[in-house]
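*Asks:* Read off the chains here:
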Amino acid sequence: MKEEKHIFSMLVDNVPGVLSRVVGLFSGRDFNIDSLCVAETLDPEVSRITIVSRADAPIVEQIEKQLNKLVNVRKIRDLTGPKAVKREMALICVKAKAQHRAEILRIVDIFRCKVVDVGPGHYILEVTGDEGKLAALLNLLKPMGIKKIARTGPIALFREPN
Amino acid sequence: MKLTGAQILMKAFADEKVDTIFGYPGGAVIDIYDELIKTDIRHVLVRHEQGAVHAADGYARVSGRVGVCLVTSGPGATNTVTGIASAYMDSIPLVVITGQVPTHLIGNDAFQEVDIVGITRPCTKHNYLVKRTEDLATVIKQAFHIARSGRPGPVLVDIPKDIANNKAAYTPPPPVDLPSYRPNYRPNQKQLQRVAKLIERAERPLVFVGGGVILSGASQDLVELARKAQMPVTASLMGLGAFPGTDPLWLGMIGMHGTYRANMAAGACDLMISVGVRFDDRVTGKTDTFAPQAKIVHIDIDPTSIRKNVPVAIPVVGDCKLALEQLNQLIDTQQMEGLATRRKKWFARIEHWKNTNPLAYRQKDTIKPQFVIEKLFELTHGDAIVTTEVGQNQMWAAQFYHFNAPNRFVTSGGLGTMGFGLPAAIGAQIACPDALVVDVAGDGSIQMNIQEMATAVQCQTPIKVVILNNCYLGMVRQWQELFYDRRYACTCMDCAPDFVKLAEAYGALGLRATRPEEVEAVLRKGIETPAPVIMDFAVDREECVYPMVPAGAPITEMLLV
Ligand SMILES: Cc1ncc(C[n+]2csc(CCOP(=O)(O)OP(=O)(O)O)c2C)c(N)n1
Ligand SMILES: [Mg+2]
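First to last, the sequence lines map onto chains C and U.
No gaps in the numbering here: position 138 of the first sequence is 507 in the numbering used here, and each next residue is one more.
No gaps in the numbering here: position 350 of the second sequence is 494 in the numbering used here, and each next residue is one more.
Next up, chain C with everything else stripped away, as it sits in the complex (with noise of 0.2 Å):
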């Protein structure tokens, strides 16, 4: 069966030892994670995760259901598909040689990226943007060299309707 790649988002008990619940479940039942994002929300007694992974569709039904039994779970959806917004940080930071500076920053324009650190021989980026637009960024930023990459993984909420 064909693996793909889902997001999920869950509410979750901000209490000790939920995240390690979380990814215990990944590791020991051997699903697998792409990336992983964890914060408080604006009750300051829940967090969401968020988490993609890929796999094929029974799998996919498994995690959403294991997910779901664990106890400080309070919900679980997968927010894969147009149905939700998804976004991602990455900070770059990118080889300046005098050659290169100003093409940088003509990306950074087209981009709407933000220039967070400036020395001598590199840029450091801030962009935000979804899975495309990061990648379409890196692939253009590479023939300059790429020094360092932290990347947040993305986050997602679904659309209200209209």
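Mixed in with the good hints there might be a few duds.
Said to hold, decoys possible - With a Cα cut of at most 27 Å, we get these calculated DSSO-like pairs of lysine-lysine: (1) U:K430 <-> C:K434; (2) U:K334 <-> C:K438; (3) C:K434 <-> C:K444.
Just so you know, these hints were derived from the structure itself, not from any lab.
Assemble the complex: chain C is given as a structure, and chain U with the ligands must be docked to it using the hints.
*Replies:* Quick look at chain U with the ligands alone, frame taken from chain C:
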């Protein structure tokens, strides 16, 4: 009112009507023990913490109540892990209280510190580290609630020493309401209507039940359904006793060591009503050849069990008892009128399978282990509580002892834990003081928790240990005989203690039989003795358990006697 954590714990136990605790003291729980002896809770002092958990497990299985354990931090806590994992696999409700080093020392690698919450996260239904004395009452209440509700399971509560010692204002906690934990008991009515239709139309139905039926107390409803709709019944190891083992509709156990007719019926049925099961690989064999002609209906309280291992035509999430009750109402006996004749062919096939390959063994001049179990069944009329160890002994008990009621067969099904049976028997005997409790054991397994004989003697639990002594790790040897060209690597247990003398050393009675004609007398004597007994039966050393489905093969392809 201000109370210490230990006192609050006693209040919580009283609220939950805890009458027995299986435990072992140590530095981190002295304060709790100091309060415990002031209550009228019975404390059963085991000889190893693993024994405490299995004993609480046995207690829970026969009584239907939550089993409770109390152990110290560090090694006391780690010793419980096998017991907890066993209970988790078999969905047995336990609350395990572990002591912990004082909160200010947590994370310091303090003396007897271990992260037991971390260690047991994957093998508990839920667990807690209590960090404030004022949380204790609520946590314990939640722990019992989670352990016994939904799909039951073990819950561990780790209590640091200072939390047990500190004082806090005590108010009785309100009823548990966890927004993140709301098991769904009520089955979907529409789904059940579809199931009823399928039952009415099926030509070759088969009911397959597991431990869930016993846990939800649905045996009566199961019997009603099977009789009303004239459906034969099989069960997993965990489901034995859910349906009367002497009923004409009973086919025997399914799976790796299932009966010929149960496995053949699974292969040929056109409808499988599976209730409270999880389609373990020991049941299904090769999954894509399991019940290949059947529409599978799966009723279970745990949604994760459904479609985990086999495709399901109609899933029904809910309590087995509620589901069976409602099915019984939905099934229209008018519709069923013609069915007795229509299903005649199906029952004729089953009868044929029964007669071609019944459970059997060849009687010889050595004691056959199956013969011992048959005699035990005869002498006890199927009324004993039977616990088992793991291996061939367990399978022979499952095959040759016929249970007419639930909560009488106590076995480590999911984890297959050697050393389970003896402590479980003690727990079962404490829950049912008047019952005859027998541990069917192997010579290997019994040595894994033999120290609990001292507990049995001290507590005056008159349990009977029946050792089917083949001087082998028999089940492993059987695999080696059948699939490894008889290379018996490290499975010969030549150097065993003299179990009769060992029994005597513990202050119990030891008996031995070496010839078939001695079996009955030894069993009689053992059963009559109002004290713990070890009966050592020197059985045919190379007897194998049949039928056997080689691992990973379709269950209709059995090696037979
Ligand atoms: C704790 C544990 N260790 C190892 C095993 C693997 N195992 C399964 S059956 C078995 C042999 C058991 O021997 P015995 O108790 O003598 O029973 P028999 O099969 O001979 O009846 C072993 C070693 C196990 N199930 N549990
Ligand atoms: Mg043996």
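*Asks:* Give a verdict on every hint.
*Replies:* Now for the hints, and whether the structure bears them out:
1. U:K430 <-> C:K434: OK: K430 (chain U) and K434 (chain C) at ~24 Å, within 27 Å.
2. U:K334 <-> C:K438: At roughly 24 Å apart (the allowed maximum being 27 Å), K438 (chain C) and K334 (chain U) satisfy the hint.
3. C:K434 <-> C:K444: holds, 11 Å
Consistency with the previously given hints is maintained throughout, with no hint failing.
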